[in-house]
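Those sequence lines, one after another, are chains Z and L. For the first sequence, the positions run 84 to 337 when my numbering is used. For the second sequence, the positions run 11 to 708 when my numbering is used.
Derived from the structure by calculation, the hints contain no laboratory data. Each residue gets a CB set at the ideal place from its N, CA and C atoms; glycine is no exception. Please note that a few of the clues may not be correct.
What the hints assert, rightly or not - Quick list of simulated restraints, FRET-style, between CB atoms:
no.	chain 1	residue 1	chain 2	residue 2	range
1	L	Leu676	Z	Asp220	51 to 61 Å
2	Z	Glu228	L	Leu673	21 to 31 Å
3	Z	Ala198	L	Val76	40 to 50 Å
4	Z	Thr214	L	Leu676	54 to 64 Å
5	L	Asp22	Z	Asp142	49 to 59 Å
6	L	Gly620	Z	Glu204	20 to 30 Å
7	Z	Asp220	L	Leu178	36 to 46 Å
8	Z	Glu228	L	Leu215	26 to 36 Å
9	Z	Asp142	L	Leu676	43 to 53 Å
10	Z	Thr214	L	Asp22	49 to 59 Å
11	L	Leu190	Z	Thr145	49 to 59 Å
12	L	Lys614	Z	Val105	19 to 29 Å
13	Z	Asp152	L	Asp698	25 to 35 Å
14	L	Leu681	Z	Pro211	54 to 64 Å
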Amino acid sequence: MALLEVSNLKKIYASRLGGTRVQALTNVSFSAQEGEYVAIMGESGSGKTTLLNIIAALDKPTEGDVLLDGRSLSTVRDKDISAFRRDHLGFVFQEFNLLDTFTVQDNIFLPLVLAGKKYPEMRERIVPLATKLGIFDILLKYPYEISGGQKQRVAVVRAVITDPRLLLADEPTGALDSRSTDELLDLFAALNAEGQTILMVTHSVKAASRAKRVLFIRDGELFHQIYRGADTDEQLYQKISDTLTLLATGGAVQ
Amino acid sequence: MKRGFYVHFARDNIRKNRRLFFPFICTLAFMSAVFFLLNGLAYQPLWQNSFAGSSVVAMLQFGTVVMGLFSLIFLFYTHSMVIKQRKREFGLYSVLGMGKRHIVRILLTETLLTGLFGLVLGLLVGALFSYAGELLLLNLLRLPATAQFVFPWPSVLFTLVTFCAILLLIFANDARSVALTNTIDLLNSASEGEREPKAKVLLALLGAVLLAGGYYLAVTITDPVKAMALFFVAVILVMLGTYLLFTAGSIVLLKALRRNRRYYYRTNHFISVSGMLYRMKQNAVSLANVCILSTMVLVTISSTLSLYVGVDNIVSERYPREFNSGVYLYDLPYDPACTQALANAVDSTLAERGMAAVNELPVRYLSFSVSIDGKTAATDYFSFEVPSTLCVVPQEDYNRLSAQPLALQPGQAALYDPQDLFDAGEIELTFGSEGSENFNYREVTYTLTDEVETFKADGVLRNLSPYLVTVIVPGMDDLEATRQAYREAYGGYAQLSCYLGFDLSKDLGGDILDTNAVDELRAAFSTALYRETSKIFGEDLSGVSTSLSSRELDYSDMISLYSGLFFLGILLGSVFMVSAALIIYYKQLSEGLSDRRRFEIMKKVGLTEGEIKKSIHSQVLTVFFLPLVAAGIHSAFALPMLSRAMTAMTGSNDIPFALCMGLCFLVFAVLYVAVYGLTSKVYYRIVDGPQKSPVIQK
Chain Z
84 MALLEVSNLK KIYASRLGGT RVQALTNVSF SAQEGEYVAI MGESGSGKTT LLNIIAALDK
144 PTEGDVLLDG RSLSTVRDKD ISAFRRDHLG FVFQEFNLLD TFTVQDNIFL PLVLAGKKYP
204 EMRERIVPLA TKLGIFDILL KYPYEISGGQ KQRVAVVRAV ITDPRLLLAD EPTGALDSRS
264 TDELLDLFAA LNAEGQTILM VTHSVKAASR AKRVLFIRDG ELFHQIYRGA DTDEQLYQKI
324 SDTLTLLATG GAVQ
Chain L
11 MKRGFYVHFA RDNIRKNRRL FFPFICTLAF MSAVFFLLNG LAYQPLWQNS FAGSSVVAML
71 QFGTVVMGLF SLIFLFYTHS MVIKQRKREF GLYSVLGMGK RHIVRILLTE TLLTGLFGLV
131 LGLLVGALFS YAGELLLLNL LRLPATAQFV FPWPSVLFTL VTFCAILLLI FANDARSVAL
191 TNTIDLLNSA SEGEREPKAK VLLALLGAVL LAGGYYLAVT ITDPVKAMAL FFVAVILVML
251 GTYLLFTAGS IVLLKALRRN RRYYYRTNHF ISVSGMLYRM KQNAVSLANV CILSTMVLVT
311 ISSTLSLYVG VDNIVSERYP REFNSGVYLY DLPYDPACTQ ALANAVDSTL AERGMAAVNE
371 LPVRYLSFSV SIDGKTAATD YFSFEVPSTL CVVPQEDYNR LSAQPLALQP GQAALYDPQD
431 LFDAGEIELT FGSEGSENFN YREVTYTLTD EVETFKADGV LRNLSPYLVT VIVPGMDDLE
491 ATRQAYREAY GGYAQLSCYL GFDLSKDLGG DILDTNAVDE LRAAFSTALY RETSKIFGED
551 LSGVSTSLSS RELDYSDMIS LYSGLFFLGI LLGSVFMVSA ALIIYYKQLS EGLSDRRRFE
611 IMKKVGLTEG EIKKSIHSQV LTVFFLPLVA AGIHSAFALP MLSRAMTAMT GSNDIPFALC
671 MGLCFLVFAV LYVAVYGLTS KVYYRIVDGP QKSPVIQK
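Please work from the sequences and hints to get the whole structure.
Dropping the structure here:
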C-alpha cells in the first residue's frame, strides 16, 4: 500500500461574496511510496502550494481525498487535525517560520512539548539530530542571531524530530544562498537515504533534480512526471529543464 | 502639487487608520472638554457673591492647570503610539518619491484635521455638560441650584489656545522624528526590537526594596503630621518600585520560571512563559503607567469622597455647640472671674441683638507642647519629632460633660489618651532642664487612677494639634500648680484657655448664617470681652486674646473646600481612567499584530485552535489585570497612611476612608473590566481576523 494516496483532488476558491471563482486544482491524482523523494514543480499559480496545503491538512479540497497510511484526511475530526498534523507530518517552509521568542532548542522542542513529551526524552532526541545537522553549538541562540542556512536546518530538525511519516517542504531553498541550498539538499538526500519520505514543492530545477521523482503541475492538473531511474543529478537536471521549456512553450509531452 | 491634495490625502489617511486616529481624537475631545468645563465653571459669576466662592474658584483653576499639564503629557504619549504604528507607511511614501518636506506637510494637515475634529467635538461636549457640571457642583456644595449659567466665551478661547499649542508641540516632535529617520529605517521600524530581554536582577531587587520601603513607611508611621510629610516620599518609593518591578522584576521572575525545566516544558507554560517574557519587555512601562494611573484614580477619588462624606463628623467634633467662644490668657495669672467675664460678654453681645445663649458648655484647659516617651512628658524637647499637645483639664469641667463623673483625690489624675502615647501608671511632667543656665528644672507628678475613653470636648482641644493627650486633674488648684511649675522653669505662664460653647436660643429667633453678621458679632463680642477682662487685669490686655466662631459658617467653608476637591477628584479621576483605558487599547492593538504572526506559525507546527485561544486568553488576562491587582494592593497600603494624614489635616479620627476606598475600588474594577471587554475585542479580531494587516490597510 502507498504511504500517500492523492485521488481526484479538486479545489475551487470562491471570493467571499461568491462572485469570482478560481479553480486552483482541476483534477490531481498521484501516490507516493514509503521512502520516496518526490518533487512537485510548476509555475507560480499552477496550484502546487494549494496541493501541498491540502496534503498538509491546512486546507480542505472541494472534491477528492487524501489518504495517509490508508487513512482519509477527511475523516480526521477538526479538533484532532492539529494533533494529527504534529504526529504524522513534518514541515519545512520557505520563510523558516521560527519563533523569535524561543531559543533554537525551544523552537525544535515546540512540537514535542505540544505532544506532552518530557524534557529528558526531548533532550535525548535532539542531541543526535542537532549534531548530525551541525546546529548543536547554536542550540541556545535565538533565531535572529543565526544565518538563513542555519535557520533552515533548525526548521528541518524541528520537522523531523517527531519522526513524521511524511516530510513536507514548501520551497525550502527559496530564501537560501547557493551554498546553503546545496547543504540543505544534501541533507534532504541523506534523510531520504535513511528512509524518510519527502514531498517537496519547488521552483528550483536544482532542488528538483535531487529528487527520485519529479511531478509537473500546470493549471491545476498533473501534466507530466519524470522518474530518475539510473540518471545522475546532472542528467535529471537536463530532463527537467527540457520539460520546463516544453511547459513554457505550451507543447505536449509524449 | 495640486491644491487640496494634502487635505484630501490627510483625510484619506485618517480614515484608513481610523483604528489609530479615532481613539486619539476621542482623547483630545475628552481632555479639552474637561479642561473647558473646569475653566468655564471658574468663570461663572455666581461664585462672586457666595462665601464659598473663592475656594471653589481656586480649586477649579488648580484643576485647569493640572488638566492642561496632564493633557500635554498624555496626548504626546498617545500620539507617539499613533506615529510608531505608521512609520512604515511614511517609509513607503518616501520610496514612492515623496520628499521629507511633503511628508511633514501631510503630517501637519493631519494634525490640523484631527485637531479640528477633536477640539470642536470637545468644546461641544464641554458646553453640553457645563451646565450639568455646574448643577452637580452646586448640589455637592449643598447650595440651591438656582443660579443661571453664563456661557464662558473666554474659556472657549483659552481652551483653543492651550490645545492648539499642545498639538503644535506634538506636530513639531513628529516632524522632527520623521526628518531625522532615513527611508530604510522607516520601512524597517516595525520589525525592530525583538531581542530577548536581559534579566536585571539588581534592578529587580532594588525595585522590591523600594516598594517594601514605601509600604513600610505607609504602614508604620503613626504620627499624622509625619504621615502627611512623608506621604510623598512613600509615593515616590512605591512609584519607582512599581516601575522597576514591572520592568526588571517581571523578566527576572519569568526567566527563573523558564530555567525550571519541569515547569517550563509543558504545553501551556511553554507558550505563556515565553510569550509573557516577550510581552513584558514591550509592555512593562505601559503597564506600570496603567498601574500608577489606576492607583491615582483610586486614591484621588476615595480620599476626596471620604473628606466630603466625613465633613459632618469633622465639624461636629470641632463644634460641640453651634458657636465656639473663648478667652485665652498668655502671660497672665488665672482668675476665676475669667469664666464669668466670658459668659457675660456672650450674654451681653447676644442680648443687644435680641438673642440668647442656651446649652452653654464651659471648659477650662491649660495647654503646651511636649514630647512624650511613654512615661514622661517633657517640655524641653529637642528632637525632630513632631510635638504633641498636652492639655490639663480640671475634673469639674470634665464631669460636666461625662455620664461617669470622676472623683479624683489630690495627687491623682485621669488620662484621655486616644492615641496611646502614655503607657505608665504615673504621669511625669517635666519643665525646663537640669543644669541649664537659662531655665530652672521643675517636675509635676500624678498617679494615674483612671483612663477615660471619651471626652466630648476633645474636638475643641484637638484643634491645637492632631496629637493630643489630656490629663484630668482634681481641681483648678492642680492646674494652677502645673502652670506655676511651667512659669518657674521658663519665667512665663503657659497658655490657659477658657472655652465656652453655646447654642442660640431658638425661642428668640437666633439664626446667624451670614458671614457679615458673624464678623460683626465677633467684633462686638471681642469688645465686650475686653471690657469685662479689663475689670480683672486692668488696662493692659496684651496677654489676652479672644475668639468666636460659628459651626454653620465653618461647615460651609469646609463643604466648599471638600466638595470642590471631590468634584475635581471625580473629573480628574475619570480623566486618569480614560487615559489608562487608552494605553491599554493601543497596547492591545500593537500586540495583536505581532501575536498574529506568532500564532500563525504555531498553528502550522501543530498547536490546536483551542490551545491557541486558551494561551492568548491567559496571557492577555495576566497582562491586563496585573496593573489592577497592583493598584489595589498599593491603595490598600496607602490606606493607613492616608487616613492618618487626613486626621492631621482635619483633626478628625472619624472619616469613613476605608469604606470609601473599598467602594471606589469596586466601581473602578467594574469599569476596568468593561474597558477590558471592549479593547480585547479589537485584539481578538486582529489575531483571528482575515485581514493580513488590519492597521495599514494598503
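Verification of the supplied hints:
1. L:Leu676 to Z:Asp220: 51 to 61 Å: Holds - the Cβ-Cβ distance for L:Leu676 and Z:Asp220, about 56 Å, lies within 51 to 61 Å.
2. Z:Glu228 to L:Leu673: 21 to 31 Å: violated, 52 Å
3. Z:Ala198 to L:Val76: 40 to 50 Å: violated, 57 Å
4. Z:Thr214 to L:Leu676: 54 to 64 Å: This hint holds: roughly 60 Å between Cβ atoms.
5. L:Asp22 to Z:Asp142: 49 to 59 Å: The hint (49 to 59 Å, Cβ to Cβ) is violated, given that L:Asp22 and Z:Asp142 are roughly 35 Å apart.
6. L:Gly620 to Z:Glu204: 20 to 30 Å: Once the Cβ atoms are compared, 25 Å apart, the range 20 to 30 Å for Z:Glu204 and L:Gly620 holds.
7. Z:Asp220 to L:Leu178: 36 to 46 Å: Violated - the Cβ-Cβ distance for Z:Asp220 and L:Leu178, about 55 Å, lies outside 36 to 46 Å.
8. Z:Glu228 to L:Leu215: 26 to 36 Å: Holds: the Cβ-Cβ distance is about 28 Å, inside 26 to 36 Å.
9. Z:Asp142 to L:Leu676: 43 to 53 Å: holds, 49 Å
10. Z:Thr214 to L:Asp22: 49 to 59 Å: holds, 56 Å
11. L:Leu190 to Z:Thr145: 49 to 59 Å: holds, 53 Å
12. L:Lys614 to Z:Val105: 19 to 29 Å: Given a distance of about 23 Å, which is inside 19 to 29 Å, the answer is holds.
13. Z:Asp152 to L:Asp698: 25 to 35 Å: This hint holds: roughly 32 Å between Cβ atoms.
14. L:Leu681 to Z:Pro211: 54 to 64 Å: holds, 57 Å
Checked against the numbered hints listed earlier, the structure breaks hints 2, 3, 5 and 7; every other hint is satisfied.
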